[in-house]
Amino acid sequence: MTRDYAKPSTTKTSSKSKPKKKTAKKSAAAPKAAPPAPSNSGKSKFFHIALITAILGGFVYGLYKLAQLPADRTLDPTTPTKPSQAKQVEPTKTEKPEARFQFYDMLPNSEVETDAVTAYTFKEKGVQEEYQYMLQTGSFRQRKDAERQKATIAFQGLKASIKATSNDQGSTWFRVQTGPFASRSEMNAALDKLYAINIQPLVKKSKK
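For any residue, its number in my numbering is found by taking its place in the sequence shown, counting from 1, and adding 11.
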């Protein structure tokens with residue numbers, strides 16, 4: 012039996028090769044470095060320069076203004092303002108207190124008469140003179156004022172008397188006296204009582 016040996020084709024069907032896709036190698040990209048932050052030294056330097064410039068500018072401007080001022084500068088006369096007058100406050104009327112006997116109320120109408128002073132005479136040693144003391148408590152133009160003081164003194168346990176005298180002008184005065192007191196201790200006791208009622212008496216000293 013005859014075999015048909017087919018001649019093998021010398022041409023090989025070349026399979027179409029698909030182009031290989033080039034795989035891009037992804038290289039790990041290094042991260043970009045961040046730009047350096049502006050340093051604070053630059054800002055502070057700028058601030059200092061600006062501050063110095065402003066101070067110098069103000070100083071120069073002040074000198075310029077001073078140079079523009081006139082040499083002789085007269086002030087405008089100003090009229091002084093009158094001080095405002097304080098409102099006068101009318102005193103409120105108060106009720107007049109009841110009249111009471113006060114020694115100081117009778118002082119304007121009182122007069123104290125002093126006795127004439129005798130010249131000093133030399134005394135021998137060892138000789139003691141005895142004196143007595145009178146207290147003149149007041150002198151008044153009106154007898155009723157003298158009587159009033161006499162009654163006030165009597166309330167202190169002291170006996171007083173009224174003596175009418177006339178001065179050189181011919182006017183009559185009524186003098187109130189208490190005493191006499193034989194010793195200084197008695198007189199001082201009477202003075203304490205008179206001081207207690209605001210009476211400042213006049214002391215009269217005379218020989219016994």
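A hint or two may mislead.
[Stated by the list, open to error] Lysine-lysine pairs mimicking PhoX-like chemistry, simulated, CA-CA at most 20 Å apart:
#1 K161 with K219
#2 K76 with K54
#3 K174 with K161
#4 K155 with K218
#5 K56 with K76
#6 K170 with K155
#7 K155 with K219
#8 K161 with K218
#9 K215 with K161
#10 K204 with K219
#11 K216 with K174
[What the hints assert, rightly or not] Here are the simulated distance ranges between beta carbons:
#12 K56 with K76: 13 to 21 Å
#13 T183 with E140: 32 to 40 Å
#14 L213 with S182: 15 to 23 Å
#15 Q153 with L213: 29 to 37 Å
#16 S182 with E141: 31 to 39 Å
#17 K218 with R159: 26 to 34 Å
Just so you know, these hints were derived from the structure itself, not from any lab.
Even for Gly, the Cβ is constructed at its ideal location relative to N, Cα and C.
Here is what the structure says about each hint:
A C-alpha spacing of about 25 Å is found between K161 and K219, which places the hinted pair above 20 Å, so the restraint is violated. For a cut-off of 20 Å, the pair hint linking K76 to K54 is broken: about 33 Å separates their Cα positions. With a C-alpha separation of about 11 Å, the suggested pairing of K174 with K161 holds against the 20 Å cut-off. Straight-line distance between C-alpha atoms of K155 and K218 comes to about 32 Å, which puts the hinted pair past the 20 Å bound.
Straight-line distance between C-alpha atoms of K56 and K76 comes to about 30 Å, which puts the hinted pair past the 20 Å bound. In summary, the hint linking K170 to K155 is supported, as the alpha carbons are separated by about 17 Å, within the 20 Å threshold. Between K155 and K219 the CA atoms are separated by roughly 32 Å; this puts the pair beyond 20 Å, and the hint is violated. For the hint linking K161 to K218, the alpha-carbon distance of about 25 Å lies beyond 20 Å, and the restraint is violated.
Distance hint between K215 and K161 is fulfilled; the C-alpha atoms sit about 18 Å from each other, no more than 20 Å. Between K204 and K219 the CA atoms are separated by roughly 24 Å; this puts the pair beyond 20 Å, and the hint is violated. A distance of roughly 17 Å separates the Cα atoms of K216 and K174; the hinted pair therefore holds under the 20 Å criterion. About 31 Å separates the C-beta atoms of K56 and K76, a value inconsistent with the hinted range of 13 to 21 Å.
Separation of T183 from E140 is about 34 Å and conforms to the stated range, judged on CB atoms against 32 to 40 Å. The hint said 15 to 23 Å for the Cβ distance between L213 and S182, and at roughly 19 Å that hint holds. In this structure the hint that Q153 and L213 lie 29 to 37 Å apart at CB is violated, the actual value being about 19 Å. Taken as a hint, the range 31 to 39 Å holds for the pair S182 and E141, whose Cβ atoms sit roughly 36 Å apart.
The hinted window of 26 to 34 Å between K218 and R159 holds, with their beta carbons roughly 32 Å apart.
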